[in-house]
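**Q** Here's the letter readout for the chains.
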Amino acid sequence: MSLEKFLNQAVSSWMSAEGPDSDIVLSSRVRLARNVRDYKFPIIFSSEEGQKIIESVYRSVEGQHFSTIGSLELLVMDELQPLQKRVLVEKHLISPNLANNSILGACILSENEEVSIMINEEDHIRIQCLYPGLQIAEALKVANEIDDHIEQHVDYAFDENIGYLTSCPTNVGTGLRASVMMHLPGLVLTHQMGRIVPAINQLGLVVRGIYGEGSEALGNIFQISNQITLGKSETDIVEDLESVVAQLIAEERSAREALAKTSNIELEDKVFRSYGVLSNCRIIESKEAANCLSDLRLGIDMGYIKNISKNILNELMILTQPGFLQQYAGGPLRPDERDARRASLIRERLNLEQ
Amino acid sequence: MLCQECNERPATLHFTKIDNGEKTMMHLCQHCAQEKGEAFMLNSAFSINNLLAGLLNFHNHVQQAEKAPVIKKEPLQCEACSMTYQQFIQIGRFGCANCYEAFKEQINPILRRLHSGNGAHNGKIPSRIGGGIHLRKNIETLKQSIQELITREEFEKAAEIRDQIRSLEKQLDLRDEGGN
Ligand SMILES: [Zn+2]
Ligand SMILES: [Zn+2]
Chain C
1 MSLEKFLNQA
11 VSSWMSAEGP
21 DSDIVLSSRV
31 RLARNVRDYK
41 FPIIFSSEEG
51 QKIIESVYRS
61 VEGQHFSTIG
71 SLELLVMDEL
81 QPLQKRVLVE
91 KHLISPNLAN
101 NSILGACILS
111 ENEEVSIMIN
121 EEDHIRIQCL
131 YPGLQIAEAL
141 KVANEIDDHI
151 EQHVDYAFDE
161 NIGYLTSCPT
171 NVGTGLRASV
181 MMHLPGLVLT
191 HQMGRIVPAI
201 NQLGLVVRGI
211 YGEGSEALGN
221 IFQISNQITL
231 GKSETDIVED
241 LESVVAQLIA
251 EERSAREALA
261 KTSNIELEDK
271 VFRSYGVLSN
281 CRIIESKEAA
291 NCLSDLRLGI
301 DMGYIKNISK
311 NILNELMILT
321 QPGFLQQYAG
331 GPLRPDERDA
341 RRASLIRERL
351 NLEQ
Chain S
1 MLCQECNERP
11 ATLHFTKIDN
21 GEKTMMHLCQ
31 HCAQEKGEAF
41 MLNSAFSINN
51 LLAGLLNFHN
61 HVQQAEKAPV
71 IKKEPLQCEA
81 CSMTYQQFIQ
91 IGRFGCANCY
101 EAFKEQINPI
111 LRRLHSGNGA
121 HNGKIPSRIG
131 GGIHLRKNIE
141 TLKQSIQELI
151 TREEFEKAAE
161 IRDQIRSLEK
171 QLDLRDEGGN
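Going line by line, the protein sequences match chains C and S.
Residue 1 is where the first sequence starts when you use this note's numbering, and the numbers rise one by one after that.
Residue 1 is where the second sequence starts when you use this note's numbering, and the numbers rise one by one after that.
Everything labelled a hint here was simulated from the structure, so no lab data went into it.
Among these hints, one or two may not hold up.
For lysine-lysine, the following DSSO-like pairs were computed, each having C-alpha atoms within a straight-line distance of at most 30 Å [what the hints assert, rightly or not]:
(1) C:K141 - C:K85
(2) C:K52 - C:K5
(3) C:K141 - C:K261
(4) C:K141 - S:K137
(5) S:K170 - S:K157
(6) C:K52 - S:K104
Partner residues aside, some chain S positions facing chain C, computed with beta carbon under 8 Å [claimed, not checked]:
(7) Y85
(8) I107
(9) I110
(10) H115
(11) N122
(12) G123
(13) K124
(14) R128
(15) I129
(16) I133
(17) L135
(18) I139
Ideal Cβ placement from N, Cα and C applies to all residues, glycine included.
For reference, chain S alone in the conformation it holds in the complex (with noise of 0.2 Å):
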């Protein structure tokens, strides 16, 4: 969607303008948000809410926009709790923790819009239910020192870490036969 006052640069800011008591939904680039900046400060409330309409919304139009000469498919639905993608469109809200696997195609490409372009968590992990977790993530990042280690030529450590991994993998292989 590009900025409705300039015509050049992306939407980024989605108001809802209220004058008078007329709603209008705003679109507008970083920089002519700007520029407006006094006129519209909080009367704006740049909301959450707000940003997510706007990028669904526009999400939709896209996705309709290229399917339109494709044969009708099924509708794409959540299977554990029946909702539906347009349904999730115009709610804005998922049905169960398992939309996100339904949706997972269309959804990424959002979150990253909603999220300043981050698409993988990187915060707290559950304890109990994580423990497996922390073991891969451990993992991940000696491989990736490994790595660092052999272009430094510095093999012994490298012999070191990756004697570690190996222990690490075993832990995680009986976790996972543990059953959990």
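Here chain C stands alone, though its shape is the one from the complex (with noise of 0.2 Å):
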């Protein structure tokens, strides 16, 4: 298969398209959790539960449309190759319990890939929308809809008191997570990351690193989203994110005009050397490639790189995934070997935009 062709039916809109302040924020979602009532949840339910599960689910958004989002899919896990259920996961698109522990687990797929309703994952229902750029108020829109459709059909567990009752307690009310995934480059070149977490923290807002294990932030992309999910609206939680990811927008834009006055030659040739790396490699470390892309990124919103797309970044951080090498080399690689894919695909996406 030509890479041009592979990238057609690789890239999820959410990873190609543009939105509001994609030069920091890659990408927003939103996760509704639910459940059916008088059923079991997933970690204890008997297999004919967890089946009408998912008939139930899927016969209530069969055959819909919904405003923007395209037909529907349904996918049912124990049907698929273990290297499509991978991919799946570095789309982001299912989840890796799903993929990997579930029992009876499906997930109904809209056309576009900004709409994934996970079932029988830890809750029967799991309603996730992603979208490019800042658009958490959007992607919240979207999963409402949804769930107002599915409403109409399955009886949800609810309670008055304590709203949407979930597996876990930290999802227990409006079983919304919100979260956006942001590319934070100056913040971590300047250091000021180390303060900046537990002030986070502190508004009751959690970060991570997506890539990478334990410690690492890979590609300098950190993932902010909310704890609380008892007590506070739907509404509540989202404009309460979005007034810490604007001011993070700011703080990093501030840090890359700081880094562009003091050390602008500095910058100039760690960006330069990456685009070296990446234009020239024959064997690459996911990691070392994630921080190549992270400053090519950089060099390309700062200017010193032109004629390169900016959704580079966000598509070869997925691209770059085991599970896409293989899936595009066409069977299973060894280690090294995906070493060496991982570099000529980069080179090859590379001179696509020559």
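Relying on the hints, combine the two individually framed chains into one complex.
**A** Spelled out as structure tokens, the structure:
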């Protein structure tokens, strides 16, 4: 398969389209957790119950046409190849937990891949909407539309006092987790994250790296999300998150300005070195690739590098994950083979830009 | 639980710290966490699950300590899905919606801790099954406004609102009789 054709199939709209503030906010996501009344939660339900949940949720949305997302398709986890599931995880369309651990797990995916309804993950129903740039309110609007629709046909487990009842007590109430993925190289380079993370925690929000394990935030990509789901309205949760994100955007922009003023040549050097590595490497590990891609994107945003599209960071962070590399290669790859594949995919992708 | 750094303030942040592959739990107050800020950064990856695990274990210890001399009772269990409270503590997940009711007394303080002191839902209400809830919430707000009107001696307005409440209560009765 040619790279261009592969890209057309592999890239979801949230990765390629540009949204508001997309120089810093890569994507916005909203997730609503819901359960069906009188059915045990997926950790202990019977397979009969699990099957019924899939059927009734799918029946409630089957053949429906929602405003912007196109038609919906049901994917049953047990019927997918491990590699297909892995690719869905790498595209952030399903959780690793649904792919690997669920019993009778399924996913209802929209044509444009902006909406995925996970079934029988930790909760019976998890409606997820994923948009490019800073569009949390828009994502919530679409999630609510789908939620209202399902609720017409399915009795939800709901309590007047504590709201939507979820398997984990950290989700009870609204069942809403709103998050944004941000590229914050300026704040990392100026050593400000150590100050910022605890301050954000204090506001009831959580910051974590998306790529990499434990301490790392590969590619300087961070996810900010709400921790509290009970006691606040959906709108308040979204607005509180938006206001912190707006502040982070402002701080990132001023960090970039400061860097340009105080260490312009050093920064330019860093950017072009990384560009050099990406365009010439023959073997590259995911960690090095992520850091170079972050530099390259910063260089594009700051105007050092022209004629390369901005979405290259978003796109290549995902396409250079092991699942995608193997799908592109058409079969399983050993780790050393992956590193070589990754290097050639990045070089080819950069060539498409010229 | 006290902060393990200063031993003065209560620990509100619970981290898993990974050093050379070795995991240790850290329990810090806001103040000490901030002081250690740079060192911790993300490696503490303050996660909701760690917070939950920390809280559940903490509550469990307190309850065991309080219960110690008492004669052994039947284990607390949800009758709908037969999950026991002990099992819930171990996995941090409920077995069914009824568990919230079954473990109510134990759970409510934990919910408050997890959600910054909030204990009551303030968000969306499902429209179909929630119709009665909407009515009841309306009635409650109207009752509050009556109190205000009375203290301000605006009795005429208060009477109007009282009539509104009566008609809403009638609707609610009809709904409940309607077999839902
Ligand atoms: Zn302390
Ligand atoms: Zn139960």
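**Q** Have a go at the K124 (chain S) hint: is there a Cβ in chain C nearer than 8 Å to its own Cβ?
**A** Result: holds, 6 Å to nearest chain C Cβ.
**Q** Holds or violated: is there a CB of chain C closer than 8 Å to the CB of I133 (chain S)?
**A** At 5 Å from the nearest chain C Cβ, I133 (chain S) passes the 8 Å test, so the hint holds.
**Q** Quick check on the hint: L135 (chain S) CB to chain C CB, less than 8 Å?
**A** Given a least distance of 11 Å, the restraint on L135 (chain S) is violated.
**Q** Please verify that hint: G123 (chain S), Cβ, nearest Cβ of chain C, below 8 Å or not.
**A** 4 Å, holds
**Q** Checking one constraint from the list: CA of K141 (chain C) to CA of K85 (chain C), max 30 Å. Satisfied?
**A** 28 Å, holds
**Q** Let me know if the C-beta of I139 (chain S) comes in closer than 8 Å to any C-beta of chain C, holds or violated.
**A** 13 Å, violated
**Q** Can the hint on H115 (chain S) be confirmed by a CB-to-CB distance to chain C that is less than 8 Å?
**A** Interface hint status for H115 (chain S): holds (4 Å vs cutoff 8 Å).
**Q** Taking only the CA atoms, is the gap from K141 (chain C) to K261 (chain C) under or equal to 30 Å?
**A** Roughly 41 Å between the alpha carbons, so the hint for K141 (chain C) and K261 (chain C) is violated.
**Q** Under 8 Å is the threshold here; is the Cβ of I107 (chain S) close enough to any Cβ of chain C for the hint to stand?
**A** With Cβ-Cβ at 7 Å, under 8 Å, it holds.
**Q** Do the alpha carbons of K170 (chain S) and K157 (chain S) lie within 30 Å of each other, as the hint requires?
**A** 20 Å, holds
**Q** Given I129 (chain S) was flagged as interface, is its beta-carbon under 8 Å from a beta-carbon of chain C?
**A** With Cβ-Cβ at 6 Å, under 8 Å, it holds.
**Q** Is the shortest C-beta separation between I110 (chain S) and chain C less than 8 Å?
**A** 6 Å, holds
Taken one by one, the earlier hints fail for this structure at numbers 2, 3, 7, 17, 18, listed in ascending order.
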